[in-house]
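Chemist: These protein sequences, in sequence, are chains A and B.
Mapping to the numbering used here: the first sequence position 781 is 781, numbers consecutive.
In the numbering used here, each residue carries its 1-based index in the second sequence increased by 1000.
Mixed in with the good hints, there may be bad ones.
Using 30 Å as the maximum straight-line C-alpha spacing, the simulated DSBU-like pairs for lysine-lysine come out as follows [said to hold, decoys possible]:
| no. | chain 1 | residue 1 | chain 2 | residue 2 |
| --- | --- | --- | --- | --- |
| 1 | B | K1657 | A | K656 |
| 2 | A | K478 | B | K1656 |
| 3 | B | K1388 | B | K1421 |
| 4 | A | K657 | B | K1799 |
Rather than coming from a laboratory, the hints here were simulated on the basis of the structure.
Number of protein chains: 2
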Amino acid sequence: MGDAKWIYAFEEGRADMRDILGGKGSALAEMTSIGLPVPPGFTLTAQACIEYVRAGEPFFDALREPIRESVKALEQRAGKTLGGATDPLLVSVRSGAAISMPGMMDTVLNLGLNDESVQGLAATTGDARFAYDTYRRFMQMFGNVVLGIGHDRFEELLENRKHRHGARLDTDLDVDGLREVIGDYRSLVRDECQRDFPQDPEEQLLLAIRAVFDSWDNERAVVYRRVHRIPDDLGTAVNVQVMVFGNRGDTSGTGVVFTRNPNTGEPQPYGEYLPNAQGEDVVAGIRTPLPVDALRERQPGIYQQLVDTCTLLERHYRDMQDIEFTVQEGRLFLLQTRGGKRAPRAALRIAHDLVGEGVISKEEAILRIDPEDIVRLLHRNVDREAPKTVLARGLPASPGAATGEVVFDADTAERLGGEGKTVILVRGQTTPDDIHGIVAAAGVLTSRGGMTCHAAIVARGMGKPCIVGCESLLIDAKGRTFRAGDTVVRAGDVITFDGALGEVYAGEVPTIEPEFSSEFRTLMGWADEVRTMGVHANADTPEDASRSRELGAEGIGLCRTEHMFMTPERLVVMRRMIMAEDEAERAAALDELEPMQQSDFEGILEAMAGHPVTIRLLDPPLHEFLPGTDELSSTAAALRSHGDEEGASAQERALKKVRGLQESNPMLGHRGVRLGITMPGVYRMQTRAIFQAAAKLIERGIEVHPEVMIPLVGHVRELAWTRRLVEETARQVEKETGMELPRRIGTMIEVPRAALTADAIATEAEFFSFGTNDLTQTTFGFSRDDAESKFLHHYLHEKILPENPFTVVDEDGVGQLVKMAVRSGRARRPDLVVGVCGEHGGDPTSIAFFQAAGLDYVSCSPFRVPIARLAAAQAALRSAREPALVAEGAGA
Amino acid sequence: MGDAKWIYAFEEGRADMRDILGGKGSALAEMTSIGLPVPPGFTLTAQACIEYVRAGEPFFDALREPIRESVKALEQRAGKTLGGATDPLLVSVRSGAAISMPGMMDTVLNLGLNDESVQGLAATTGDARFAYDTYRRFMQMFGNVVLGIGHDRFEELLENRKHRHGARLDTDLDVDGLREVIGDYRSLVRDECQRDFPQDPEEQLLLAIRAVFDSWDNERAVVYRRVHRIPDDLGTAVNVQVMVFGNRGDTSGTGVVFTRNPNTGEPQPYGEYLPNAQGEDVVAGIRTPLPVDALRERQPGIYQQLVDTCTLLERHYRDMQDIEFTVQEGRLFLLQTRGGKRAPRAALRIAHDLVGEGVISKEEAILRIDPEDIVRLLHRNVDREAPKTVLARGLPASPGAATGEVVFDADTAERLGGEGKTVILVRGQTTPDDIHGIVAAAGVLTSRGGMTCHAAIVARGMGKPCIVGCESLLIDAKGRTFRAGDTVVRAGDVITFDGALGEVYAGEVPTIEPEFSSEFRTLMGWADEVRTMGVHANADTPEDASRSRELGAEGIGLCRTEHMFMTPERLVVMRRMIMAEDEAERAAALDELEPMQQSDFEGILEAMAGHPVTIRLLDPPLHEFLPGTDELSSTAAALRSHGDEEGASAQERALKKVRGLQESNPMLGHRGVRLGITMPGVYRMQTRAIFQAAAKLIERGIEVHPEVMIPLVGHVRELAWTRRLVEETARQVEKETGMELPRRIGTMIEVPRAALTADAIATEAEFFSFGTNDLTQTTFGFSRDDAESKFLHHYLHEKILPENPFTVVDEDGVGQLVKMAVRSGRARRPDLVVGVCGEHGGDPTSIAFFQAAGLDYVSCSPFRVPIARLAAAQAALRSAREPALVAEGAGA
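Bound conformation, chain A alone:
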């Protein structure tokens, strides 16, 4: 056993010994040490649990004597003997890990009772019914959680007896009835365990302790740990505590109180109180608990003591507490305190108020908000209280609630949207061809795709609710219906869905407006004060740009130009450009596109006046702008059958072109800078449009900071070639306008080779923007869509990958490339500006990594901007606390 201390009396522990004593044990110790009325007890450490798991029986044998000594000390304090024949000492045995884990064995109350001591209890309390009922409860709990006999088996026996005695409630059973039940339980244990119910209190205690230890590795606990990513080697502590009884009459009771309202954050105690009851009676549903206020009238002294305790504990722990208490015959006992769970709104208000009350600093307030809570605050959500019928569940791709008529294609969505109808676009999956439908729809629902499929990315970018991968929807697009289970939904039927929950409901379900409380604004202001990274937004339209500004973005980190060609009237011209049979025809189409692009850029640059706007030149492969081969060949056939030879052959020309553009792996194909180099007219047109827009705004006195970003660069010469084209074009516009036009030219870093050769690339780039979506795809060799639908879920389930690398940046692989590129890029060009514009730019864990890697800014969807602001502030605070980590991050 060595010299390790395996057991601590409550008097010996402290709040900061959570790793040793568990959450409950350290709280009990802390409350004891500050003089609060806690029934005495002791805690077996989590390390004892781990040692038992490792070494087994011999270790447990060696624990017996220390346990015996601890019990003896408890007996001396209480002046009673565990399971003594007169006035017996009874104890509770509770598990309590450092991190709360509902998967483990929880509680055995009233331990120490046996056939003899129950009589002692009856005699001492003068209440035989109480004593036998307590014994019955003990046997049932012990039998269930320690001996492993199903709860129902006990309930069944109890019900039988109640039935026989004509009793409606448990409390209607008299002592005889209870004795019979105890006899039944005894037989049940004998039948199930081939042994008698243990009568020796010490044996009861040892069995209960061992059961807690064993529960650390039971299946539920293991699964819970996996789901919640709790390490397997923490172990659980075991608390053995003298029993107090809330069921000793009208001056007794049990309750739970939050020091503030956990839903709203209002600074009043909030909770429930059940007179004359033990804790588990609440669970048994015998009586409805009263609001804790009720105690004020019933036992005003106790209530005041409780309120004072709330204040004391909140100040002591510097956070809102969730407190369990019992009143025994007019005396208040505290059984647990812990940080209280709270709704997002309450979390903000409490953090804010605690600063006002001088309890915590602004920095602590910032660190206490879970950035994901911000998501829920910022979107309209389905009213969780409202009645509803769940039709299906999918992946929660973009938060927010949407209600509307079902449509099955983008054109209809656009048409009905134009008529002022609210529609939900339902598709197998979406393609860039559907953009106008997504724009027009209130929300998007797809039966296929992962969290980062086209629909998900586009919808998130637009802040539009979206559920993807809703595989139980059987869509018949031609028949314009979908089936979900037995329900058939037709085009025009109304549905509702909640993109934060991933649930689809029949009909209209009430939704709740998001709120920007003043506490929210104040807290975000504090966050902005402390963060060191900039927060930019990914935005492609003037509307998105304005929204981003409202949400606090300090620039646009990614303006995708491809979506600008997707409106029907532009798509026609774009297709003409692609299909051009000679340079003149192509140039004509480009000339037609140029003023359209220019007006896009004017709008965006104006909305972002004074702030940088990073515009990415055309990135996707050209076939994304053309119809699919199926569509073309069926249109051709249709036209021909109507005698339209000319129309048919035009379709066939297009078909040939599309076939020529088809690629085995478009993700790795002819796109980005590769397109810019092989078809320079497009980049030249886009560059002209950018700088003509800039010139126009400058003339109007508006400050602009356009930055031109070249996508998919892997070799410095690709960038050098394209940079020259952009520079020459910009200078041409300067010559034409006679103005000096500000600009920066830089590149995405989104293939491994770019990161590996960042020193060379930095000679041609004024800024780097990590495209961590594509960088993750190429570093892992994962096609995002294929991986998420085919094997990634399996990998996550089997813990082969710790996280979805498209959600949380993979630090070891992708992150290593990011750090290499930042380091070698800055070594070559010290004033290199470095940011990230992949989806990870809005993920708090990833943001912490980007802070450590030394990035200048993150860029994310407009609706994630507040989250990123908060997460960046947290990252700055944490890295200031852990300077070693930053140094390693920036220098490793």
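Go by the hints and put chain B onto chain A.
Modeler: Relative to chain A, chain B alone:
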């Protein structure tokens, strides 16, 4: 001008000043310095050329005086004056870069002649016809190469005069005729250049020198440098040399002699001699030159002097020489010597013989062979002398010549092949479905695809001739014909093609058998002695394994198991496995596949007895084993129209499965270890088959070294999971057989993340094998097929990439990952075995990199094994000479 020396007299130079004096200049200087009869002269340095390119006119002006001084020195030596009125000094002006470049201006002879000195020449020689003919030649050459007037324009004028004078040959023109021609030339120059033909010899010389300098950057030279990867900043030297005349009668003449036969390597002088002629007369085709032997009878003394000179120069330069000489009136003059170009066979023989003669060491002999020459030696080639009609040209994907009947589908290829016919499979492109056809065909010809498309890789792997991307073939597979220009070739027609040249011919063209000469075997033996890297082969069948052994492979570095499922009878079972609707059905199919796999492995392990065989578990995505959607839906429709409902719905089930397996980017999709983990039955079956095969062979007393290789690992846990499965399965076989089975388990490193986290991966891997094909795809973000057909050629043409990274490993990007992985893998596991099995394993440049990176072995197609052996030997020798490079390579 600084202190730089821009001009060297021949006496001042040496052989090792090639970078300064160019190839020709340094050879002339060297021959001068060893006392050989070289007409005196001087050389303007290549640095002068570069400085002229940089600084232009002012620099050239400053050169005038030094040139004048050099001419003066020459005049003093010769006792004549340049262009003097009596006995004029004439010179030749020749370009001569360090690397021979036919793209540049080459030669102006007889410079110094003008209207006056031509008379002096006539007087001195007493041969007016000679003098005027020489002047005519000079004007023509100068007019063409210096003044840039088309050669044809001069020829036309000459022909007119000959016609008018009734002359058949140039030599039939008398002095008057020649004077008229000179007059015509004078007018031509005046018309074209708006000036008179320059009469001042100094001006002639300066113009000629400047023309040589200018020619460094003419288009032909630039293209030539790009094609041959010659740096742009070398510059060319200019040689100015006193003229000697081979056209001064029967005791004069001009010739070229190789010191050994450049076709066979036989150790006798070999060349041509043209009596009474200047060098360009050979080109003009006036007379057929005689074999150089002819000189023996005509001028035995001169002949002996020439033979002695051959011996002297060969010993001096320690290599076979290509010597230009002129005999003027019984005196031998040497005008050039250089290493002689030679056929592959000759190269081997010469290197071999020079070792025997004690001229060079074995190591030098090894370094002198171009590994690519070995390719040509090892394959049957089209007889280049035979008459033939070229139908089309494509990419030379796999060397060797094939003749056979054209077939348009794999099934027919297999059927006719089974009947003993020799067939050529002609397809748009091939897929894994075509494997049986490729196996049966003598060669494969496709109209699409790049050097690394499916057909190319498979054919190279099988050592089968192949041409791909033959875009001028218009294939009508349904009509079973193809059109090439005006020729229509039908199924059953015979064609021939040469995969080393990329040419397709009509009908049967004679081919030449490859030879393994004894010199070849000796040289390869020497190579094996010095190389430090192992050479393994990529081989999937016992036949390939045996062939690899014959070609010197020391193991199999990549045995792909997927091809083993491609024969029709196995494909059926494989498809059943994939289509299985429950685990039992899948297990049954796997059970059926197991003995087939086992027999494959037995054959391969036996063929490689005593050597390691690295078997890669199944890698490609499953849809590669299923028919295409088009095929399935048309079959279904056909079956239905014939009333076969059951058959049709089976096809539709398959169609649904195929659709379910389809991926956006299969290269980055559900394949490799991802398949192994999500469908573990396949890997388990393959592992059983491997170790059962091993057990069977061990029982028969055969030594086996099976190594199991897991493809596409990106995270150590993927490998750990799979390794456990393999280990458990192997131990199970050990238990069943009661034998101890040798094994190694390792992984491919073929995605960047694997290289970046190689230290972690090394904890689970006993060996790494770099899959540089996929690693190149993922590092660049290039899909190989898409890149080669869409933009890679453009990139190479525009010099955006220096090399095709799928041919020569990209050192900066991919190579950096390789070095990182080797270093960190070995740091974690010092005995880690590291090899490469991508296409680069057979590329000499890449092999040199792998040597520097510290790899243990390379693995390549069987037919590239000898090349790899030689390249590895060269790399070892070079790295031994340049230890700094190795250190940097292994440690950077």
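Chemist: Determine for every hint whether it applies to the structure shown.
Modeler: Results of checking the hints against the structure:
1. K1657(B) with K656(A): holds, 28 Å
2. K478(A) with K1656(B): Distance of about 18 Å is within 30 Å: holds.
3. K1388(B) with K1421(B): This hinted pair holds, its Cα atoms lying about 23 Å apart.
4. K657(A) with K1799(B): holds, 27 Å
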